[in-house]
Amino acid sequence: MIATIDTLDELRADACAAREAVPVRVLVCAGTGCVANGALEVLEAFRTHLGHDAVALQKEPANLGHTGCHGFCERGPLVRIAGMNILYTRVRPDDVPEIVETTLKQGRVVDRLLYTDPATGKKCTGEKEIPFYARQTRTSLANCGHVNPDDINDYIARDGYAALAKVLRAMSPEDVCREVTESGLRGRGGGGFPTGRKWDLVRKAVGEKKYVIVNGDEGDPGAFMDRSLMEGDPHAVLEGMAIAAYAVGANEGVIYVRAEYPLAVARIRTAIRQANEAGMLGEEILGTDFTFHVRVKEGAGAFVCGEETALMASIEGQRGMPRSKPPFPANSGLFGKPTLINNVETFGNVPAILRNGAAWFAAMGTATGKGTKTFAITGEVVNTGLIEVPMGTTLREVIYDIGGGIRGGKKFKAVQIGGPSGGCLTEEHLDLPLDYDSLLAAGAMVGSGGLVVMNEDTCIVEVARFFMHFTQSESCGKCTLCREGTRRMLQTLEKIVAGLGTEEDLETLQELAVAVMDGSLCGLGKTAPKPVISTLKYFMDEYRAHVVEKRCPAKVCQAFKRYVIHPDACKGCSKCSRVCPAGAITGKIKEPFTINAESCVRCGACVASCPFHAIEEVA
Amino acid sequence: MPRMIIDGRPVDFTDEPNILEVARKAGITLPTLCYQAHLSPFGACRMCVVDAGKRGVLTSCTTPPEDGLSIETNSERVRRVRKMALELLLAAHDRNCLTCGKSGSCKLQDYSERYGVDQVRFFNPTDEDRKPIDDGNPALVRDPNKCILCGNCVRMCNEHQGMHILDFSWRGSQVEVGPAFGKQLDEVDCIYCGQCATVCPTGAIMVRSEADVVTRALQDPRKTVVFQIAPAVRVGLGELFGLDAGVNVEGKIATALRRMGAERVFDTNFAADLTIMEEATEFLRRLQDGERLPIFTSCCPAWVKTAEQSYPELLPNLSSCRSPQQMFGSVMKKYFAEEEGTDPADLYVVSVMPCAAKKFEARRPEFRHGEVRDVDAVITTQELARMIRAYGLDFKELPDEAFDQPYGEYTGAAVIFGATGGVAEAALRTAYKKLTGEELARDIWQTAAPGETTREAVVEIAGTEVRIAIVNSLGAAAELIEKVNAGGKPYHLVEVMACPGGCVGGAGQPPHDTLVRRAQRARGLASIDKDCKFRQSHANAAVQELYARHLAEPNSHAAHEALHTEYSSRRRIEGGITLAEGNRLTVEVCVGTCCFQQGAYDTMRKLGKLLRDHELDGDVELRATFCFEQCGQGPNIAVNGEIIDNAVPDRAEEIFRKEILPVFEEKSEGCASCAGCTCK
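Those protein sequence lines, which keep their order, are chains P and A.
Numbering-wise, numbering that gives the first Met the number 0 puts 455 at position 456 of the first sequence, and it's gapless, one number per residue.
Numbering-wise, numbering that gives the first Met the number 0 puts 173 at position 174 of the second sequence, and it's gapless, one number per residue.
Next comes chain P alone, as it looks inside the complex (with noise of 0.2 Å):
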C-alpha cells in the first residue's frame, strides 16, 4: 500500500496493533559481529524449534526475527526477548531449546545466560539493569537491536518516517534547514562542520539538479559504526536523506557504502526497496509532489574514498583522487552539480530531530557540540562494542563505566582516537569531555568515532607505525607530502623499532609531520600525522628508549628482544635447540644450554618450549 501524509498515521495504527497483538518476540541480533558468532545458526534454533512446537506462541511470523547490532558484541549473539524485557548474551543454538521451554512457555528467565554485573556480580535481566547499556544515551542508534531492518513497518511502528511526513506536510526547505541549524547538529563523519549550515549552502546554490550523498566508506581500523547504524536501521538513514534532499532541492541520491560491508548492502538494498514500495521514496513521495530517488554505490574499499571529493570522483567511474576545494561540493559537486554530502551517522541523527525539534536535540551535549555520538569501542577493553553517548562524556566513563575498563587487570596506556587520522590521548586526557573542540585541542579527533584502547603492554612506537602503514598505503599519491612524506615517516618509524634510530630521526620525524599536517592537500594527508605528532608529545620518552637506549619499555619490538637461558634452571634437555628455527641454542645434554644472540630471530619458541622456565625475555 502506497502512504500518503495523511495515512501514514493509519499505517503506523496498524503495524503498532500488529506488534502488541504479539506480547512476545525473539529477537536475534544479526549485527557482523553477532553473525560472526553464530547468530544466523541461533535464528535458524529458534526456528526449527518454534516451528515444531508453536502451540504456547502466537503464530504470527513477528514473533522471532533478526536485527542490527545491538552494540554488546563482545558478549554476542545476543537474543532478546522483548515484551519481557531479557537479553541474553552468547547464545549457543544449544540454548535454544532451554530458551523456548522455559521463558517462551513457563515465562521463567534463563539465568545462566544473563549477563553478570562484575563489579557487583548481580545477575542483570533487561538491557537497563546492564551496565554497559545503561549509562548510555541511544539516539541515532534507538531503533538498533529492537527492529527488524528488512521490516519497513517495524520501522513505521517506532515513528519511522513521521519526521518525513511533518516537514512534507507543514515545513519549507528554509525551515528544515533551520530546524536542523538550530539542533546544533554537526557533521558525523570526523569534520564536524554545522550541519545545517551545509543544507543551507546547497540549498541555496543555484542549480537546476542537485544531489544527496550519503558517506558511508567508513575505513578506518576498528570503527564501525555507520556499518551498525546501515545494518541496523537502514529506514532512518533513507528517511534523513529524503529530510535533505527536500532541504536543498535534490531529486537524486546516492548511498556510498563499502562492498566490505556485504549486509549492509544488503540490507540498505532491501530498505530502499521496501520504501519505494511504500511511497515513502520515488515519485510522488508520500502523496506530495516531492520526487527522491535513491542508489547504492559499492566502493572498492579505498580508505581516501571517505574523503568527499575522491568519493564523488569514484561514483563518477573516476579514480578515487581528491581535488583541491574550493569549489565546494555544496556549488560543484557530483558531476560538476551541487551536492549535499553527510555520513551516515549524520543523517541517522535528523528523523529524531525533526521529530523531537531542535532543542530536544540541543540539551544534549556540551556548548559546541550537541546531541550524542556514537563510538566504536576496541581493544583491551573487557566489553568492546558499539556505544551512543551525550557529546561531553568523559572518556574515563567511556572506557571504565560502559567499557569496563582494561581487561585482564592490565594498566591502561593510551586510547586512538579517530583512527589513523586521530591521536593517541593518555591517563592525564582520562577526563577529557568528547567533543570536537576539545579533542581537537588535544591533538586527537572525534573522527568519525572508533576509539582503540591500549594497555601497557602496547608499544607506543610500533602503534604509530602501524597507523602510518596504513595511511600510506592508502594515500592516494596524488599529493607530494601525503605520498612522499607519510613513506618517509614510516620508513623512519621502521627504521626506530628495527633498533636503528637516531635522536637525529626523531627531529626528522617531527619536522616532517608539520610539514604534511600543513601542506597535503587533503584530510588523509592533513592528519596522517596526527598518531605521530600526539606519541611524539605524549611518549617521548618511549620514543627515546627506543633510540637511546635501545629498549622498547613495553617489550613488543622484536629488534630488541633478547633471550637467555638461566644456567641453573636448565637441566640440559635440548628441547629448545630442538625448537629453535635459526639453530642459535647450543649445549650439551644435562649441562646448561646457551643462546647466540646474533643467529637468534627473537621468535620466542624456545621460551614456550622450556618445561622449567629456564628462558627468559629480557628488555
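Keep in mind that the hints were calculated from the coordinates and are not lab data.
Here the structure is a predicted model, which is why all the values come from computation and not from measurement.
Hints are not guaranteed to be accurate.
Here are the computed lysine-lysine pairs in the DSS-like style, where the Cα-Cα straight-line distance is at most 25 Å [what the hints assert, rightly or not]: (1) P:K296 to P:K324; (2) P:K409 to P:K296; (3) P:K525 to A:K53; (4) A:K53 to P:K536; (5) P:K203 to P:K165; (6) P:K525 to A:K82; (7) P:K494 to A:K82.
Take a look, some chain A residues computed to stay more than 10 Å from chain P by CB distance [to be verified]: (8) C96; (9) Q629; (10) E641.
Note that CB positions come from ideal geometry on N, CA and C, so glycine has one too.
Assemble the complex: chain P is given as a structure, and chain A must be docked to it using the hints.
Frame of chain P; chain A shown alone:
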C-alpha cells in the same frame, strides 16, 4: 575593484582564475611544477603554497582570489612546506642530473637551487631499484625514475588530446604514471605528438634525440648530408638563444648548418608548396565529383596515426598526399640524388622539425625502400639548438645566408603551414586561382587566438560555397569528427593539426610555459607570409620546374608514385565487441578474509582449471565474491546461489563433478540425437 593583500601590499584583481595569477600580476612568481594555465588545476605538487594565516596553507593555483584575503608567499610555514616537498621529491628522484637531457631546463633542478635544498636525508630507491625505461618507440623516451607525478602529461593527454594514453596507477608511494597495465608507449595507441613532453617539468618524458647520429653523418665523408627546415622551426629556434619568439632566424640556420658541414640546406617550405599543388588538385577533383568529402589534410603524422587507429572509416577521406617532410625526402632520393649523381643510400636527408611524431613518420615502412629511407634522420628545434651549442657557434651573431636552390625556394603559402589554419588557407589560395583564374583577394586565415581550437569558415569560389573547418589539438578534432559523422556538419575541407596551435606548438619546439609564446611564433609566420613576393604555391617557380622536368602535372602518375601514399587501419579490434550469451551457471567463490585463509583462492583456481579442461569456461561464470556470512564453514562457494560449505581446495574436483558437471551432462544425454527437441 576587489583587492587582495599579498605580502602586505594591496593587489587589485579582476578575472584572474586563481591567487597564483594575481601574484604574477603583482610581480611575484610562485614556483609551480604541476600548474599549467591551459590545463585543469591539479594542486598536487604543493610548490605554489601560500600562507593564509588561520585558513592555513593554500595552493595558490587552485584557490580563487577573494576580496580582502591576505596571504604571504614566503612565510616560514610556506618555506618549510616548499623545501620539504622538494627534498621529498628529490629523495624519490633519479638524481643523475649531469647525464640527464633535461639538465639546465629542469624545473626541479632549478627550484632545488632556488629554495636552497642542501640535503636529502632519505634513502633513494632509484639507486637500487630502477624502473625500466620506456624507449621502444622512435619519438619519445619515458623514464619513470625521473617522474615526480605532477600529472601534467596525464592532463595534457586527456584534456587536450583526448587520447587517454597516460594515467595514474597504484596507490601510496607505489603510484606511477604510464600507459594502462604497465605497457610501453609503442604497445598502446600513443600517437607520439609529444605534448606530454612539453609539459613535463623534469626529464621523465622527453623527445628522443637523434643529434648524435646526425653529427656522425655530417662527419662521415661518404655521406652527402642535406637538410630541410620546417616552417615553424625558424620562428622558434631564436628563443633558445635569447631572441624573441616569432623572430625569423632561417638565415642563421642556413649559415649554422653549412658551418657544421651540411652539403645543402633546403627548405621544407618547398615541399609544402608542392603539397599544395597536389592537395589542391585532389581537393578540386573531389569537390567536382562530390565524393569523399570532406577531405581531411594529411600533413600531421600524429593526426594520420590517430585516423588510422580510431577512424579507419575516414581514411578514404584523408588526402592521399604525403606530408611535406616525406614529399621532400622522396624528391631528394628520387630526383636530387639523380641530378647530383649520388647513390640515394649515400644521400643523407635530415629534417629539422618542431615535432616528435615526424620521427615516427620518417620510419614508416611506406617511406622506406629496402634499407634506404626517404628521410634518414629527424631532429627537433631543441636538438638543433643543442648541436649549434656543441659546435660552439655564437648563433645570435651568425650572418644570414640563403637556402640552397632550387629546393630552398618557397612562397608565403608554404610558410604558414607552421600554424593552425595555414594548410587550409594555402590550399584555398591555389584552388581559388585554379577555379576562377584570379588570386584570392583576402586572407581567410588569421592567426588563431591563443587557446582557440576550432574554427569554421565559408568561402565562395566561383559560385560554390566551400565550407572549411580548422581544428588543432586532437581532443577538439574528436569532437569535430563526431559532428561530421553525425551528419550535422557538411564540410568540404577539414584541416587537422594534433598540437595545440599547430606546429608552432609542437613537442620539438623550445619549452613554452604560456600560450603567448605560441601565438607570437604564429604571428612571426604570418609576417613572413606577408613579406613574401609570392604568396601562392602555384607561383613557386622551382616547384613548377620540378613538374616540368619530372612530374608532368599535379596528380599525374609520376606524382602519385613520388608524392602520395596509402593508409591502412590500425584498429586493434575490428567489428566491435559482442558479449557472449548469458552464462548458464554462476559459481561464486568467497574470497573474504576467513575463506581466503582457508584456501578459497586455491579452490577458485582449481575450479577455473577444471572448467577450462572441460571446455565449460564459456558456459560458467566463475567469479570471486565477498562474504556469505558463513565464515564458520568456510571456504564457501555458491553454485547458482546455492551455498556449499567447506569448499577446501582438495574438494574442488568433487564439487565440480557433483554440482557443476551434471548440469551440462543432462543436456548432452537428453538431446544429442533429437533435433528440434524443446528440452534444449
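Hint by hint, here is what the structure shows:
With a C-alpha separation of about 23 Å, the suggested pair K296 (chain P) and K324 (chain P) falls inside the 25 Å cut-off, and the hint holds. The suggested pairing of K409 (chain P) with K296 (chain P) is violated, with an alpha-carbon distance near 43 Å, which exceeds 25 Å. Our distance criterion of 25 Å between C-alpha atoms is met by K525 (chain P) and K53 (chain A), whose separation comes to about 15 Å. Our distance criterion of 25 Å between C-alpha atoms is met by K53 (chain A) and K536 (chain P), whose separation comes to about 23 Å.
Of the pairs offered as hints, the one joining K203 (chain P) and K165 (chain P) holds, with about 22 Å between alpha carbons and a cut-off of 25 Å not exceeded. Annotation: proposed proximity of K525 (chain P) to K82 (chain A) holds, straight-line Cα distance about 17 Å (limit 25 Å). About 23 Å separates the Cα atoms of K494 (chain P) and K82 (chain A), which keeps this hinted pair within 25 Å; it holds. Separation of C96 (chain A) from chain P is adequate, the least Cβ-Cβ distance of about 19 Å exceeding the 10 Å criterion.
At the 10 Å boundary, the C-beta of Q629 (chain A) falls inside the reach of chain P, the nearest C-beta of that chain being 8 Å off. Listed as outside the interface, E641 (chain A) is consistent with that label: its C-beta sits roughly 16 Å from the nearest C-beta of chain P, beyond the 10 Å cut-off.
This entry does not satisfy hints 2 and 9, going by the numbered hints stated previously.
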